[in-house]
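**Student:** Line order of the protein sequences matches chains U and F.
Each residue of the first sequence is one higher than the one before, counting from 1 in my numbering.
Each residue of the second sequence is one higher than the one before, counting from 1001 in my numbering.
Worth flagging that the hints you see were computed from the coordinates, not collected in a lab.
Hints are supplied without guarantee of correctness; some may be wrong.
[What the hints assert, rightly or not] The calculated DSS-like cross-link candidates involving lysine-lysine, where the alpha carbons are at most 25 Å apart (straight line), are:
id, chain 1, residue 1, chain 2, residue 2
1, F, Lys1050, U, Lys26
2, F, Lys1027, U, Lys16
3, U, Lys16, U, Lys26
4, F, Lys1050, U, Lys16
5, U, Lys16, F, Lys1028
6, U, Lys12, U, Lys26
7, F, Lys1050, U, Lys12
Quantities reported herein were computed from a predicted structural model and do not represent experimental measurements.
In case you want the letters, here they are:
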Amino acid sequence: MGLLQAVTDGVKLILKEGIIPNHANKTLFILSPFFFFGISLLNWFIIPLDYGLAVGEFKGGGILFTITLSEISILGILYAGYSSNSKYSLLGSLRAVAQMISYSVAMSLAIICIVLTIGSIDYLTILYSQSSYPLFLALFPIALILILSCVAETGRPPMDLMEAESELVSGHMTEYSGVAFAFFFLAEYSMMLFMGIFITILLFGFVNPLPFIFLLYWLRASLPRIRIDHILSMGWSSLLPFLTGFILFLPSILLTFDLLA
Amino acid sequence: MGILQLLIIILGLLIILYGLSFWASSKKGDIEKLSTYETGFNPFNDARMKIDIIFWIIGLLYLIFDLEIIFIFPFASIIYTINSFFAFTAFFLFLIILALGFVFEYNEGALDIVGTNKE
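Full structure from sequences and hints, please.
**Tutor:** Here is the structure:
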């Protein structure tokens, strides 16, 4: 039935030869997939997998932990692209880093709007406070921006500029083969699942990655790739001014109508 | 489970996978296979070339805005408990100064990414 095809695909990647190019910086080249995959797995430490169930015991600043990890993981891409010493890797990693840092700013500012509304940076508090009314409706424009920036952070089509195959071969992963490539690949899929859970916790008040995954594949099937300058200027000159204004607007509304509990 | 335990488990998993691959895969590299990828040509020049200034500018802007985010987060999480007009005004002034800086930057054309705003 082909159920085991995904498993054999992974086993094939383990059996492949891992090539280290002549001119690469060898230490950094070997360590950067470890760094990238390790950071993306560390994300699962804090996120609630159900009401009140998480892998680790970490009280308090859940969202800060997530933001920190998602911004540290950008370094893995930079290391991989720089240490490969190939033109395609360098250009691909530069574009990936530019895109991801632009959208991580938008994502953090959108999260700040949610934190301002709820008044806590703990995942479980945010999850429980939405049991009657999802934030998706209360903060509709912010929800759209958050979903958009999560799509850009995961680097899936239509925003897969980091590995635009017709221009950059495979971006920062060009020189990687075998299990090191599998690490990057698995990290990307782990981040997709994580972002799915993250979105549903912050905006809808339940824990399930599948709606976001469905959205990603829907977007991939229906939209062409966006140009790099369009994507960057959308992040910096459309989303950022709007979010800055909204962060001024939201506490004003809360204070004016005395909604601060 | 603490974070150190999880870190050790993750590192162990990754090292086992890498070691398994190192043990199972063939290792026959020749000069062509190990050379830098260059779409069929022989590699020429160094890969560390001159890059567009816009990447550097974006990195600089990111630093400023990330610091801003770090400063906003504590306020955003305690706005319920302090509930004071003075704190709110201070926060407002901070954000307005930052927004004015961003407007200045935008008018200077720091965000004119190639070809976008010239059409």
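**Student:** Each hint: holds or not?
**Tutor:** Here is how each hint holds up against the structure:
1. Of the pairs offered as hints, the one joining F/Lys1050 and U/Lys26 holds, with about 23 Å between alpha carbons and a cut-off of 25 Å not exceeded.
2. With a CA separation close to 9 Å, the supplied pair F/Lys1027 and U/Lys16 stays within the 25 Å bound.
3. Taking the CA atoms of U/Lys16 and U/Lys26, the gap is near 19 Å; set against the 25 Å cutoff, the hint holds.
4. Only pairs whose Cα atoms come within 25 Å are accepted, and F/Lys1050 paired with U/Lys16 is rejected, the gap being roughly 34 Å.
5. For the suggested pair U/Lys16 and F/Lys1028, the alpha carbons sit about 11 Å apart, so the restraint of at most 25 Å is met.
6. The straight-line distance between the Cα atoms of U/Lys12 and U/Lys26 is roughly 24 Å, inside the 25 Å bound, and the hint therefore holds.
7. For the hint pairing F/Lys1050 with U/Lys12, the CA-to-CA distance comes to about 38 Å; that exceeds 25 Å, so the pair is violated.
Violated hints, listed in ascending order, are 4 and 7; each of the other numbered hints is respected by the structure.
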